[in-house]
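Turn these sequences into a full structure, and let the hints guide you.
As you go down the protein sequences, you meet chains A and B in turn. Residues 1 to 166, numbered by my numbering, are exactly what the first sequence covers, in order. Residues 167 to 492, numbered by my numbering, are exactly what the second sequence covers, in order.
Think of the hints as simulated: they come from the structure by calculation, not from any bench. Mixed in with the good hints there might be a few duds.
[Unchecked claim] In the DSS-like style, the derived pairs of lysine-lysine whose C-alpha atoms are separated by at most 25 Å in a straight line are:
1) A:Lys90 x B:Lys316
2) A:Lys35 x B:Lys246
3) B:Lys419 x A:Lys35
4) A:Lys34 x B:Lys316
5) B:Lys353 x A:Lys35
6) A:Lys12 x B:Lys298
7) B:Lys343 x A:Lys12
8) A:Lys12 x B:Lys354
9) B:Lys397 x A:Lys35
10) B:Lys419 x A:Lys12
11) B:Lys445 x A:Lys12
12) B:Lys190 x A:Lys12
13) B:Lys298 x B:Lys445
The lines below spell out each chain.
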Amino acid sequence: MLKIQEIRELIKLIDQSSINEFEYEQEGAKITMKKGVEEQPEVQQTPQAVTQAPVQAEVPQQNPQTVEEKPEPKSEDEKPGKEMDESLHKIESPMVGTFYASPSPDEDSYVKTGDKVSNDSIVCIIEAMKLFNEIEAEVNGEIVEILAENGQLVEYGQPLFLVKKQ
Amino acid sequence: MATTIREKLISLLSDAGGYKSGQKLSEILGCSRTAVWKHIEELRKEGYVVEAVQKKGYRIITRPNNLLPGEIKHQLNTEKLGQEIHYEESVSSTQEIAHRHALNNAPEGTIVIADEQTSGRGRLGRSWHSPKGSGVWMSVILRPNIPPQKAPQLTLLAAVSVVQGVQQVTGEDAQIKWPNDILIDGKKVVGILTELQAEADRVNSVIIGIGINVNTAAFPDEISNIATSLKIASGTEIERAHLVRSILEKMEKLYTLYLEHGFSPIKLLWEGSAASLGKRIRVRTIAGELYGKAQGITEEGVLLVEDDLGTVHRVYSADIELTQKS
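Take a look at the structure:
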C-alpha cells in the first residue's frame, strides 16, 4: 500500500499534469483520483453534520421557553409576555462558527444589554476557519438580551440577540 | 481598468525584441516624444534601470523589486484577479482599504496591495509584522454566488493557491497548518485572514487578506523562532511581483474549479499539502484547550480532532500547535 506521503506526491503530480483521471491498484488496494469531480466517497461524513443541523435548528423554536426559564432577576423584571416576545427581532447567526462579543479579547463588547443599535451597528463577530463575519443589527432598536456567550460555537440560524425594534 | 501609458511602456521596454526608439514608443503610446522621455525618467526614479543606446532606443535591463501595478500586470495571465490593482506605498491595513473598495462596488478580482502596513492584523486583534519593501501584503476581493455559510471554504482555497504560487516561484514545498497558515521548515511564512461582507443569505464580498514574508532578512526576537521568510528558506531574493502574479493565477484557476465543482477538489489539494493530518496537535480556543490527533477535515473544511478518549471534536476556530514532529 502507498504511504500517505506518496499519495500526496501523486496528488501534486496529477494536479500539475493534464491527466484527468488516475487509477492505481496494488495488492487489493485501489486508489482512484479524478480532477474536478463533485462527489467523493468521503462525502459519507457529511450526513452527520447534516443531521446535527436540524437538531440545532430546533433551538430557535424552543427559545421563548428558554427566555422565560432564565432565573436571572433582571429578565424576571423584564420578562416579556408571549405577544411581546414575538415582536422582538432576533439577530441570527448566518453560519456555523465561534461567537465573539468583542473585536479582540482585551476590548469591550460591541454591545451590551440595554444598548441602542441601528441598522449597521456591528453586534458581534462569527468566525469559522479564520473567516471573520461582522454581524450587523439590521434593525433599529435596543438590545434586550444576548443569547450567546463569548467563545461559544453557534449554529446556522441560531438566535444571538433579541432586539426591541423602534 | 484601462492599461495606463506607464504599464504599456513597461511592457514595451521589457519585450524580448530589444530596443524601442523614442519615435516608435511615441507612435504606439499616442503621446509626444517629450512625454515618453518624462515617463522613462519616472521609471528610473522608481528603480528601473533603463538603458538608452543611440540610434537603437531604450530598453529595461533591471527591474526594481516593487509591487507597482505595472510590474504586477506585466505578463499577468488572468481574466479577473489582479486586473484592477490599488497600490499603496504605506497603509494601516490592506483589509481596511479593500473593505471600502468592496462597498464601492469594486469588481471581483480587485486587489489592494501595499509596500508597508503600519497596523497589519492577525487573528483576535493580534498584529502582523509587515515592514516596508520586504513582503507581500495584499487583499483580494471575491464575489462568489454562494451562501455565507460556505464562505469559510475559500480560506482553505486561498492557502492552496499560495502554496502553489510559492512552489512555482521559489521551488520550496510549503505546508498548510489548519486552516490556512503556511509553514516552511515548521515556521510561519504566510498568514491569511478573511473577512466577509454578507447579508443573511447572500455574500456581497469575501475579502482575503494575505501576508507573506518574502525578503525579510530577520525578525524581531519575540517571533524569530516561529517566523521565517521565503528568502531565509530558499537562500535567494525573490521578485515580489512575480510571486503575486503566480499566486493570482493559481487562485483564479482554483476559484473557477471551486465555483464549477464545489469544495471536493480543493479539499484534496489542501490535504496534499497539510502539515497536521494524522499528527498529535494542541488546539487552543477562546473556550479552552484540547489535545488529540488531527483526523482530517470535513467537506466544509472543519477540522476533526480525536481526543484520548476517542471522542471526535469538530473544530471551527482555534490556534493549532503541532506537538509531534514529522
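Against the structure shown, which of the earlier numbered hints fail to hold, in ascending order? Hints 5, 6, 9, 12 and 13 are the ones this structure does not satisfy, whereas the remaining hints hold.
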